[in-house]
Amino acid sequence: MLLSSLGEKKMKYWRKPLDADKVKVPHGTVRIVKDRCKGCGFCVEYCPRNVLEISDEFNVKGYHPPYVKNEEDCVNCGLCELICPEFAIYSILEEELEEKDEQ
Amino acid sequence: MNEKHPMDYLLREDRIPHIWCPGCGIGSSVSCFIMALEESGLDLKKVAVVSGIGCTGRVAGYVKLDSFHTTHGRAIPFATGLALANPDLKVIVYSGDGDLIAIGGNHFIHAARRNVNMTVICINNFLYAMTGGQVGPTTPLFAKASTSPYGNFEQPFNLVHLAAASGAVYVARWTALHLRRLTKAMVEAFKKKGFSFIEVISPCPTSYARRNRLGDGLAQMKFYHDNSIIRHGADPKDTDIGFQTKIVVGKFIDKERPDHYTFMTQELEKVTGGKK
Amino acid sequence: MSNDREILTGEHFMNGNVACAEGAIAAGCRFFAGYPITPSSEIAERISERFPEIGGIFIQMEDELASMCAILGASWGGVKSMTCTSGPGFSLMQENLGLGVMMETPCVLVNIQRGGPSTGLPTLVGQQDMMQARWGSHGDYEIIALCPSSPQELFDFTIKAFNLSEMYRVPVLVMGDEVVGHMSERVVIPPKEKIKLLPRRMYTGPPEEYLPFKPDKDLVPPMVIAGEGYHIHITGLTHDEKGYPEISAEAQKKLVPRLVNKIKKNADKIIEIEESNTGDAEVIVVSYGISARTSLRAIELAREEGIKVGMLRLITVWPFPEKRIYQLASKVAGFVVPEINLGQIVYEVERAAKGKTRATLVPHAGGHIHDPKDILQAIRSTLK
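For the protein sequence lines, the chains are A, B and C, in the order given.
Per our numbering, residue 1 is the first one in the first sequence, and the count goes up by one each step.
Per our numbering, residue 1 is the first one in the second sequence, and the count goes up by one each step.
Per our numbering, residue 1 is the first one in the third sequence, and the count goes up by one each step.
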């Protein structure tokens, strides 16, 4: 997927990179292990693409896990996986996911 | 809870969920730790984690590596024995500020002085969290704790200064929010021969933040975001942490000095002719 | 591993502390961590001189807490390890002695006893840590403690201590004293092939089936060491067979009685005593360490007076040979227990005798060995 097709509104540049239309931005899919979540909100706050939002649903421990609000926007940066203190969220590169599904 | 997580292979997943509170930063640091182990390419068979007592002391119990949960303050001497007896091991001490610096403070400075082969990761949450939030040797001046209800009036240790002055060859400080930089620091520290030290400033919503009305873990993370100053190579003596003051982070020391085991065995061989 | 500097086979004139160091080396000890303290320091000094030539690691730690902890770490690193100390240092080691018990870690702790309490008599003899050896660390546990009476025995018993610690996966104490440690005598170091060493009880099965605290029939679990891919978790918390912390009365009940019973139920195999003339004895002197040797003179004098005196020398003080004491209790007029303290093992003798006979303490506050006449006097008055 090309950067330009992600929509200008998502990524603001003070100067448009010269190779912006050539750079391939990866796309990821977020996976959430809901029942491990303790609702700290770190992933929601620090996702650089605002992919996540706290849900209204309760998990087994009574916390509100996040849900994927803007699925298209995930660039598989992996920050959610790193910041989550509960080992409860991660993303997979879409291409890998497709390969996986094909197998 | 059968859903898997990519880090599960390095976790004792039958023990997850862990005991750490919502908004605690220890879990985030462990994610960085796992990522760093992966990136460093270390043989995981040869990695041993040693912890003391306290919240961070529980790290040893969650990572699927040879792991030892020792007595309060004694992770470093245990690790010293382990590292010297088996020099092929990469020994990592993962513990908290009270454990490593108060009751274990003497061991800390001496292991750094000797330059024993180990990486010490110290989660600093500014007090004794596991036992209910008592004041500790890292509690900032004027901060409240359960045994300093009117504020702490003792000068705290500056851990990176202490480590550097004691002779550590690698000294860095990051917060639990500096995920990539913390991961990178761990990778660098693992590759270092000798005593490497990483301080991780970490939110403690249940004890430290609650007693000082600093909000939840997320609020503390936001504080780190707004108040951390990255200053690589800063003189560690200029990096004191006050109550809700700016936090200087970065890599402060990265130098070469022969590690204890190598130096000792080399010199002994020169003098005695080595094992006959 | 053939190295003629490893075992100094032959006859030597050496002091007890040096003999102890040689015993450790002969037993295969290759890691030593310690902190200087009189009157035990010659052990560390000898080891620091000897280890470089045989490939051992010596480290002088910052205190005794660290020393004890370091030898536990080294043991899990796969190396036989030892520390030595005296009075105040023994107190500091209690914390991690308990960790060694809980982690079931083979290692040896030598205590060359001096007079206490506190700094007490740094250069003079005492036998005042005998109960601390049994009960010094917090919580319930059983321990093995040996009492050498000569430099030769400091050599022999140090080897024995390593064997017992590997056999039962427990720290083993060698409870020497200042006199035995500083006395120089003939010490015979046998050839290597005559020295019996027990290997570590290693687990050899598949890693995925390994449970670090699943005991064998004798209640002792086989061990693995760090760095072999077993990914063990070892904790000082109450734990299950997997080694995982389990904070419950049930887990405690499963673990702690086993730690106690692996010594108690094997006590008959562990206990060693030395008896002489106990068959027809009217009075039996029960003693250990240097006091057992002082008693020999008293026994000689008593026999000259026609008193039938026997001797029971404790080689293992812990576990205590209570069965044998009870058997003998109904046959004698009394036990006489000389010890360089104000009464420790005498109460154990009394307990074991279960009222069948009395036990008379020959106390000594420390700083000197007994005058044999005092022991003789106690023997005489037992028959009155």
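A hint or two may mislead.
[Said to hold, decoys possible] Listing some non-contacts, in silico: residues in chain C with all C-beta distances to chain B over 10 Å:
#1 15
#2 30
#3 76
#4 152
[To be verified] Derived EDC-like pairs: lysine to aspartate or glutamate, alpha-carbon spacing no greater than 16 Å straight-line:
#5 C:214 to C:185
#6 B:45 to B:88
#7 A:34 to B:3
#8 B:193 to B:269
#9 A:34 to B:226
#10 B:46 to C:11
#11 B:64 to C:228
#12 B:64 to C:300
#13 C:265 to C:350
#14 B:45 to C:228
#15 C:323 to C:241
#16 A:34 to B:8
#17 C:192 to C:11
#18 B:64 to C:208
#19 A:24 to A:73
#20 C:242 to B:88
#21 B:46 to B:14
#22 B:191 to B:259
#23 B:222 to A:56
[Stated by the list, open to error] The following label-pair restraints were derived from C-beta to C-beta distances:
#24 C:4 to B:147: 16 to 26 Å
#25 B:246 to A:95: 40 to 50 Å
#26 B:268 to C:330: 37 to 47 Å
I should point out that these hints are in silico values taken from the structure, not numbers from a laboratory.
This structure is a prediction, so every number in the text was calculated from the model and none was measured.
For every residue, glycine included, the Cβ atom is placed at its ideal position computed from N, Cα and C.
Comparing the hints with the structure gives:
At the 10 Å boundary, the C-beta of residue 15 of chain C stays outside the reach of chain B, the nearest C-beta of that chain being 23 Å off. Not every CB of chain B is more than 10 Å from the CB of residue 30 of chain C (nearest about 8 Å), against its label as outside the interface. Taking the minimum C-beta to C-beta distance to chain B, about 6 Å, the non-interface status of residue 76 of chain C is violated against the 10 Å cut. Distance check on residue 152 of chain C: its Cβ is at least 26 Å (rounded) from any Cβ of chain B, clearing the 10 Å threshold; non-interface status holds.
A distance of roughly 45 Å separates the Cα atoms of residue 214 of chain C and residue 185 of chain C; the hinted pair therefore is violated under the 16 Å criterion. Taking the CA atoms of residue 45 of chain B and residue 88 of chain B, the gap is near 10 Å; set against the 16 Å cutoff, the hint holds. For the hint pairing residue 34 of chain A with residue 3 of chain B, the CA-to-CA distance comes to about 9 Å; that is within 16 Å, so the pair holds. Distance restraint check for residue 193 of chain B and residue 269 of chain B: the Cα-Cα separation of roughly 20 Å exceeds the 16 Å cut-off, and the hinted pair is therefore not satisfied.
Between the alpha carbons of residue 34 of chain A and residue 226 of chain B the distance comes to roughly 30 Å, so the proposed pair goes past 16 Å and is violated. Proximity of residue 46 of chain B to residue 11 of chain C is assessed by CA-CA distance (about 43 Å); at most 16 Å being required, the pair is judged violated. Taking the CA atoms of residue 64 of chain B and residue 228 of chain C, the gap is near 13 Å; set against the 16 Å cutoff, the hint holds. Distance check on the hinted pair: residue 64 of chain B and residue 300 of chain C sit about 64 Å apart at the alpha-carbon level, beyond 16 Å; violated.
Note on residue 265 of chain C and residue 350 of chain C: the hinted pairing is violated, with a Cα-Cα distance of about 22 Å set against a maximum of 16 Å. A threshold of 16 Å between alpha carbons decides the hint, and for residue 45 of chain B with residue 228 of chain C the separation of about 6 Å falls inside it, so the pair holds. Between the alpha carbons of residue 323 of chain C and residue 241 of chain C the distance comes to roughly 32 Å, so the proposed pair goes past 16 Å and is violated. In summary, the hint linking residue 34 of chain A to residue 8 of chain B is supported, as the alpha carbons are separated by about 15 Å, within the 16 Å threshold.
Between residue 192 of chain C and residue 11 of chain C the CA atoms are separated by roughly 14 Å; this keeps the pair inside 16 Å, and the hint holds. Only pairs whose Cα atoms come within 16 Å are accepted, and residue 64 of chain B paired with residue 208 of chain C is accepted, the gap being roughly 12 Å. Annotation: proposed proximity of residue 24 of chain A to residue 73 of chain A holds, straight-line Cα distance about 14 Å (limit 16 Å). Between residue 242 of chain C and residue 88 of chain B the CA atoms are separated by roughly 25 Å; this puts the pair beyond 16 Å, and the hint is violated.
Our distance criterion of 16 Å between C-alpha atoms is broken by residue 46 of chain B and residue 14 of chain B, whose separation comes to about 22 Å. Between residue 191 of chain B and residue 259 of chain B the alpha-carbon distance is near 13 Å, which keeps this suggested pair within the 16 Å criterion. At most 16 Å may separate the alpha-carbon atoms for a hinted pair to count; residue 222 of chain B and residue 56 of chain A exceed this at roughly 23 Å. With their beta carbons about 60 Å apart, residue 4 of chain C and residue 147 of chain B fall outside the hinted range of 16 to 26 Å.
In this structure the hint that residue 246 of chain B and residue 95 of chain A lie 40 to 50 Å apart at CB holds, the actual value being about 42 Å. A hinted range of 37 to 47 Å is violated for the C-beta pair residue 268 of chain B and residue 330 of chain C, which are about 59 Å apart.
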